[in-house]
Amino acid sequence: MRKTLLIFVSLFICFSTSYSSQPDVRYAGFAFTGNFKDISTNFKYTYSIVNSTKDDNGLSVFDRQLLKFFKDNKSSIGGFNLLIGEDSDTKISMALAVTRENISVVNIEDVYKIVVNLCCNVIFLNFDGMKVMASYPLYLEYIDVRKEAPTENYKIELVKRLYFADDFSVFKILKDRLGNLKLKNDARLSLKIMNVYLEDEAKDKLELYKNNLGAFASIVAQKFSDSLSSKLNVSVLPYAKDYLGARMSLVFSDARVQDFEIPPASYGIDFTLRKLTKELYKEGIGEDAYLYGVYTTVKVYDPDLGRQYWEKKVKYGAVKNIPKLQKTVDDFSVYDEITGLVMLEAIKEIQNDKTFYKEVIERCLNR
Amino acid sequence: MFKQIGIAVLGICFLFFASVCFAEYKKIKAIGSVETKFIKTATTGQKKLALEDAKKKALDKYIANLDSQRVRILNNVKDQIYQNINTYVPEVIPLNDGHWENGYWNIDVEASINEAQIEELVNKYIQTNIKKKEETYISFVFVAREAESIRKFEGKKTERTVETEGYKEKTAETEGETAGEGTKVYEKVTGGSVEKKADKIKYQSYIPEDINSKVSEVFNKAEFSVVEPFEAGIDTKSFVNDFVESDEISDATKKAAVDAAKAKGLNYLAVATLDVGEQLVDQATGQQKVYVRVNGYIWDLNGKFIKKICSVGPVQYSGLGEDPKVAKTNALINAGTAAAKDLVDQLRVKQGL
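Here the protein sequences come in this chain order: A and B.
The opening residue of the first sequence carries number 5 in my numbering; numbering runs sequentially from there.
The opening residue of the second sequence carries number 9 in my numbering; numbering runs sequentially from there.
Note that these hints are calculated values from the structure, not bench results.
This structure is a prediction, so every number in the text was calculated from the model and none was measured.
Mixed in with the good hints there might be a few duds.
Below 35 angstroms or equal to it, Euclidean Cα-Cα: the simulated DSBU-like pairs (lysine-lysine) are [said to hold, decoys possible]:
1. A/Lys362 / B/Lys316
2. A/Lys358 / B/Lys35
3. A/Lys362 / B/Lys222
4. B/Lys229 / A/Lys358
5. A/Lys317 / A/Lys286
6. A/Lys316 / B/Lys316
7. A/Lys159 / A/Lys358
8. A/Lys286 / A/Lys179
9. A/Lys358 / A/Lys282
10. A/Lys72 / A/Lys286
Just a few of them, taken from the derived set where beta-carbon distance is under 7 angstroms, the chain B residues facing chain A [said to hold, decoys possible]:
11. Lys37
12. Asn104
13. Asp105
14. Asp116
15. Glu118
Even for Gly, the Cβ is constructed at its ideal location relative to N, Cα and C.
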């Protein structure tokens, strides 16, 4: 009887240890998303950094820094067991993939304004079935003003800094999010930005992107995905419009190309940017106060069963003082800033709607 | 002692299931309903019934998207599937808390379909039904060809020029005064034609050994007994020679092969021609890409006359690889396997499975 009890207890300990142990995940490195032929144009600066920093082993600065980053921060990872260069039968891998790189330069009076958007995703991949298991969007926006026009070398160095710097970079965001990265379990549902609509009254104000509204829509989608993922701690799949036929091609830095299927989302989100406004709020002696406004509609629905769960018109306003002597005003940066802030307002509205939060958001929580 | 062994086995099973808990299922969304009449909430029992209904609807939705042969088989065993629904739909996750509408309480779910179990059921059904019949023998000849050399011809140009002797006179007038100006315009008419001659392509043909095992696997899985062509007395060399000279296999070769196979007691003979295209660079991956165009058919050797009972193509398949050789092999395997699967599916329908 004692022997039986002893065996049962020891097996129970073994079982509970095994059950609670984290799944093994192989480290897969850095990757670009999209068609192989478009990489040098879509990720001009990142691609240039990768190519110009390769060592004798063919490893770029991304490979080296990322490897060091994960080795240094392995203890912060709680949701899975990251294997770096270790043997394992696991079919699950994790990669850091850059999904969008955008640099805009605008000449305002005698200065140059630089806006950099870097969109990355930590992606968990199942090589058994070639599917995306989970993704964690990371978004970085950097705005700077300088007197000289930025040279190509300046831009390359800036992008490099925005990836690797200790204080403000993609790596810094990744470090802050590392503890929340978890591998999708089957009982968790997911959200996905399905559509970003830009209405005429908003389009008129997007001078910087007037010839490339699709790029702006993608940036908005990535920004909102990142906010949802970090503020609500929910599972968010990559923006659908960026990938044809729900397939994501990843080009790894050793030129391996793999095609993965993005699973269908449990819930879809439509983000409509209805209007961007600027009105004189208060006239002063030396400067005038302007009220900038952003009007949006956020809709959460089931794209397959056609059921709508939530729809809300959300707006946000901010007052900016502009000196009367200033000839040119950069309205776009204000619109860009308040578009990011209206997303946080929308998230607050989601949190405040207890019924909707319990019915939908709680089902998508990373836990 | 037996008790201890039993516990140990149970423990090992637990450990095994703990290690394979990351099994991937196909996700299908469905709405489960239960009648509650005028009561807008559902009891625990009614909720359970609605979830069971959702499982069945998800499974029906999944089956509806399968090929016609699988749909037919699964419809025959629908009751068996419903009785063991938890095996085929092991999990349902509610997408909401449920909604009442027109006397029904509905719940949206994301159901997990165990595709491996369903495929197992299909295979079992086929095995059971085929074993009732006699063993079915099939042989196949899959022959490939690719360009060995291409001789290009420049277009032959013929130019014709005719100069006219007459001239046209043009007069310009300005306001206020009249001025006469005569301009002589000589016309030169040119024409002709370009005669283009098609490129002369020299082919090399062969039996691609790389795909033979894959094609055999497809036929074997479908419970056919595969007989090698040499065993059936089929001369594969004549297929190879025909495919070098022409896009089709000659009637004489077909007749000889069919007669030989029939004499050996074979039930079916499958033939496919695979045309390998030029290698390209794939824009999406940067790898080498090769297309293969496939045409295939199966002859039924059972009756008095030989009948072509199923056919596939022309249809193209591609293969990717780091070098042209790997890309070509992959393209041949993809084309051969897909053609064999298509032919088998058609054959099963004809056999009445």
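Do the hints match the structure? See the list:
no. : hint                : result
1   : A/Lys362 / B/Lys316 : violated, 61 angstroms
2   : A/Lys358 / B/Lys35  : holds, 28 angstroms
3   : A/Lys362 / B/Lys222 : violated, 51 angstroms
4   : B/Lys229 / A/Lys358 : violated, 54 angstroms
5   : A/Lys317 / A/Lys286 : holds, 26 angstroms
6   : A/Lys316 / B/Lys316 : violated, 62 angstroms
7   : A/Lys159 / A/Lys358 : violated, 45 angstroms
8   : A/Lys286 / A/Lys179 : violated, 43 angstroms
9   : A/Lys358 / A/Lys282 : holds, 33 angstroms
10  : A/Lys72 / A/Lys286  : violated, 53 angstroms
11  : Lys37               : holds, 5 angstroms
12  : Asn104              : holds, 5 angstroms
13  : Asp105              : holds, 5 angstroms
14  : Asp116              : holds, 5 angstroms
15  : Glu118              : holds, 6 angstroms
Violated hints, in rising order: 1, 3, 4, 6, 7, 8, 10; the structure is consistent with all others.
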